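Peer 1: Read top to bottom, the protein sequences are chains A and B.
Mapping of the first sequence onto the working numbering: position 313 corresponds to residue 364, and the numbering continues sequentially without gaps.
Mapping of the second sequence onto the working numbering: position 232 corresponds to residue 283, and the numbering continues sequentially without gaps.
What the hints contain is simulated information worked out from the structure, not anything from laboratory work.
Treat the hints with caution; some may be incorrect.
[To be verified] Computed footprint of chain A on chain B, listed as stretches where at least three residues anywhere in the stretch have a Cβ under 8 Å from a Cβ of chain A:
id: 1; region: 153-165
id: 2; region: 178-190
id: 3; region: 399-408
[What the hints assert, rightly or not] Straight-line C-alpha distance at most 30 Å; calculated DSSO-like pairs for lysine-lysine:
id: 4; chain 1: A; residue 1: LYS302; chain 2: B; residue 2: LYS252
id: 5; chain 1: B; residue 1: LYS432; chain 2: B; residue 2: LYS521
id: 6; chain 1: A; residue 1: LYS252; chain 2: B; residue 2: LYS302
id: 7; chain 1: A; residue 1: LYS432; chain 2: A; residue 2: LYS364
id: 8; chain 1: B; residue 1: LYS252; chain 2: A; residue 2: LYS252
id: 9; chain 1: A; residue 1: LYS252; chain 2: A; residue 2: LYS302
id: 10; chain 1: B; residue 1: LYS432; chain 2: B; residue 2: LYS364
id: 11; chain 1: A; residue 1: LYS252; chain 2: A; residue 2: LYS92
id: 12; chain 1: A; residue 1: LYS53; chain 2: A; residue 2: LYS521
[Unchecked claim] According to the in silico footprint, chain A covers these stretches of chain B (three or more CB under 8 Å from chain A):
id: 13; region: 231-242
id: 14; region: 257-263
id: 15; region: 469-477
Note that the structure is a prediction, hence the values are computed from the model and not measured.
Just so it is clear, CB atoms sit at the ideal spot from N, CA and C, and this is done for glycine as well.
Protein chains: 2
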Amino acid sequence: MKLYEKLADEITEAVRRGVFAAGERIASVRQASQQHGVSIKTVLHAYALLESRGIVETRPQSGYFVRDAAAKALAPAAPQSAHKSARKSAPPPPVPATVDVSRLVLSTLRSIRAHDAVPFGSPYPDPSLFPWRRINQYANAIARRHASWNLIDDLPPGNPELIRQIARRYAENGLPVDPGEIVITLGATEAINLSLQAVAKPGDTVAVESPTYYAMLHAIERLGMRAIEVATHPVDGIDIDALAKVIERQKIAACMVMPNFQNPLGFQMSDERKRQLVELLAAHDIPAIENDVYQELYFGDTRPSTLKTFDTKGLVLHCASFSKSLTASYRIGWALPGRYRAQLEKLKFLNTLTTPSVPQVALADYLRQDGYDRHLRHVRKVYRQQARIMSALVLRFFPVGTRVSTPQGGYVLWVELPARIDSMRLYQAALARGITVGPGTMFSARDAFRHFIRLNYSYPWTAQAEAALKTLGELATEMA
Amino acid sequence: MKLYEKLADEITEAVRRGVFAAGERIASVRQASQQHGVSIKTVLHAYALLESRGIVETRPQSGYFVRDAAAKALAPAAPQSAHKSARKSAPPPPVPATVDVSRLVLSTLRSIRAHDAVPFGSPYPDPSLFPWRRINQYANAIARRHASWNLIDDLPPGNPELIRQIARRYAENGLPVDPGEIVITLGATEAINLSLQAVAKPGDTVAVESPTYYAMLHAIERLGMRAIEVATHPVDGIDIDALAKVIERQKIAACMVMPNFQNPLGFQMSDERKRQLVELLAAHDIPAIENDVYQELYFGDTRPSTLKTFDTKGLVLHCASFSKSLTASYRIGWALPGRYRAQLEKLKFLNTLTTPSVPQVALADYLRQDGYDRHLRHVRKVYRQQARIMSALVLRFFPVGTRVSTPQGGYVLWVELPARIDSMRLYQAALARGITVGPGTMFSARDAFRHFIRLNYSYPWTAQAEAALKTLGELATEMA
């Protein structure tokens with residue numbers, strides 16, 4: 052056991068025994084270094100490990116504090132559960148699970164930030180690919196043009212010109228939509244949350260893919276609903292027969308899916324399967340919440356269809372954003388909520404009143420006047436290349452038995468490790484070396500996918516990235 | 052009956068009879084003008100009335116559509132209930148009410164926008180008073196300085212420098228707070244929503260003031276909770292004895308109040324009463340959600356204390372924003388959630404992921420470097436003067452028996468009309484003349500305050516504003 056692991060275990064034990072109470076500040080890094088006679092670096096590693104375990108949290112300008120839920124939080128990441136493993140081939144049990152994955156996700160994100168780590172674990176695209184200079188120019192021009200903004204002009208559904216531009220892009224890609232259906236939201240996150248709230252209530256059961264993008268699980272968790280996971284094929288997408296069986300067995304309030312470039316599997320459902328899925332759900336009057344945030348990041352020749360394309364009953368609530376393709380920190384997303392439009396617009400008003408104006412108008416101006424398509428062609432080419440490079444190197448560096456997904460778009464790779472490897476242990480060992488990965492358990496409400504990781508390939512492929520991937524492979528080989 | 056009222060009634064009747072189904076487009080303004088042989092202006096008036104009644108809604112570039120809930124929506128605003136009236140002196144019944152006031156509020160806001168009306172009905176401050184030029188300069192400088200933003204740097208609790216500036220202002224006003232407690236939100240709206248979600252669950256009962264600011268009712272409605280209204284004195288604030296009786300009688304999950312410059316009453320609770328309220332709630336372990344958005348807009352010499360000042364148990368969740376005092380469309384608010392900090396931060400992450408960065412950094416720069424206090428001194432002086440002018444003119448123009456509040460801060464006046472006047476009728480009659488008011492029923496979940504209106508005095512006092520107030524007074528006199 053490494054020195055920093057020993058220190059982290061000591062502090063964990065102290066919290067468990069109540070020496071440090073919930074909310075209490077633990078020793079500063081300098082104090083701990085003196086008290087334990089170890090280097091600053093060792094303490095930093097130990098505290099990072101404690102943070103990733105959910106035992107402490109940092110507060111700005113204040114230091115490290117014991118998390119309120121620390122005692123409870125110990126369980127999922129602690130060594131005693133390290134060898135519990137889920138088999139990929141085993142179908143998910145037909146039992147709805149209550150959901151609490153957000154702690155692990157937030158802690159992973161914090162680790163990336165706190166450690167300036169190689170961001171294979173990040174869910175976000177490399178921001179240096181965004182056309183910042185152009186977008187900023189539009190934002191600044193708007194600030195000069197408009198002396199002031201009246202909140203009353205910004206009420207939902209959102210800025211009319213931005214709505215028009217979004218509708219125009221759909222139409223140009225052969226997906227005509229009614230601009231009057233669009234509601235602008237704070238990123239796809241809010242669109243998904245409001246969509247789920249519009250169609251289901253606390254205690255309801257919601258069908259999700261398995262593995263599923265954890266933002267879906269967050270939405271379910273936030274509203275006190277239950278998730279039932281449906282087997283999902285890495286190439287074909289959600290198993291429609293399995294879903295039909297679930298629907299026969301119990302009441303499903305909604306089904307949440309990512310038919311295009313699913314996070315983490317990267318598949319693109321065929322038109323035929325999309326149609327079957329829409330028809331199955333429509334036959335039972337079950338709304339579908341479609342997360343289509345990667346719609347512009349396809350590797351094929353044309354933008355794929357959506358569930359919306361096949362929806363004749365207004366049961367598809369289609370959610371998307373500019374956060375993956377244009378800029379994430381503007382936080383502009385939208386929903387096309389079908390027959391639930393009135394409820395969704397009202398929930399938007401209740402949730403955050405309005406979406407800030409300047410970002411909306413700046414993106415509308417950019418979309419109308421600038422080279423969004425040129426930008427997208429470049430980004431797609433970069434991601435397609437980097438997907439190939441990372442897949443090849445994972446297969447070279449990682450232990451025998453490792454398998455990788457074949458993404459059809461987006462910027463994440465799903466890696467299945469030999470079954471003995473616990474991805475939480477790999478996550479922690481990697482973090483201590485300044486590398487992050489996305490542990491597979493984030494993608495399930497039932498602690499499945501323990502020997503899977505998600506890797507982000509949006510960042511430039513540098514010697515440092517290659518060395519980090521090699522290190523990851525060595526760590527995995529040691530654990531196999 | 053005016054021509055436009057007749058046309059609106061005809062269409063209302065057609066919707067009631069199902070001639071126009073929910074979601075259907077009604078005739079365009081031009082078509083209706085030809086079909087009915089009336090002027091475009093008459094049709095516009097009729098459609099505005101239908102919109103304010105909640106029967107139709109506009110969609111950008113599409114026209115007017117019958118609202119899904121139109122049949123249900125007819126009831127509250129339709130003539131048959133026009134003479135139902137609530138007496139101010141009657142205490143609220145001790146029965147929790149389910150809440151649905153957001154439709155009326157949204158429709159009022161839309162009317163203001165659609166008709167470019169004299170905005171006495173607006174809940175927002177005059178945006179021309181905000182220091183736009185300076186704030187825009189900071190935002191532009193930031194866009195030049197930062198090539199790009201990484202979403203991962205923006206995770207909750209929010210930008211550390213903005214958090215520090217907010218804490219500094221509290222400290223300078225004698226209200227020391229721990230910066231580590233602050234969580235940045237999308238305006239106070241999100242802070243209030245997340246606070247309520249952190250402490251209560253669907254079906255719970257929440258105590259509110261009576262009248263109460265409707266954003267409180269929205270938060271309760273959004274989460275499927277129930278509101279119980281507690282008698283509230285126009286000068287002293289919530290009746291603490293009445294609240295104690297409510298608490299004895301039933302389980303209260305939270306209490307939502309505005310101790311400073313309550314919207315709509317404008318009172319400032321005394322330190323003694325604030326302390327009593329905190330102690331009563333603490334004795335029963337009931338969290339208090341304190342909406343302090345008007346904290347900087349006091350008419351006295353110093354910034355008033357808050358419930359937080361008297362909180363020793365971490366039971367006060369204090370919510371505030373810059374939307375009333377600095378800029379509304381940046382949508383920057385915050386919460387000081389006491390012992391619920393961990394839950395609140397997590398809920399923020401689940402609800403909207405992050406708050407956009409540029410507005411946060413721009414406000415932090417403005418607060419650090421610029422004349423916020425000078426700006427506030429000016430705004431306070433303007434509001435204090437305009438409160439006096441409007442109060443005097445309401446008493447001059449309105450019918451005998453009209454009474455007005457004496458705001459201690461903020462920018463709204465609460466007007467009690469003679470009991471026979473239905474403020475929804477006044478609202479509609481005023482709207483037809485290009486004037487908006489806030490109908491009193493927005494401030495209650497039980498349809499109370501039917502003969503009250505709220506007036507906004509933040510806008511410059513012009514001849515047009517005075518004429519509009521005179522017209523309002525004449526309409527009220529006709530109805531009395």
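Peer 1: Please name the hints from earlier in the document that this structure breaks, with their numbers sorted from lowest to highest.
Peer 2: 7, 10, 11, 14 and 15
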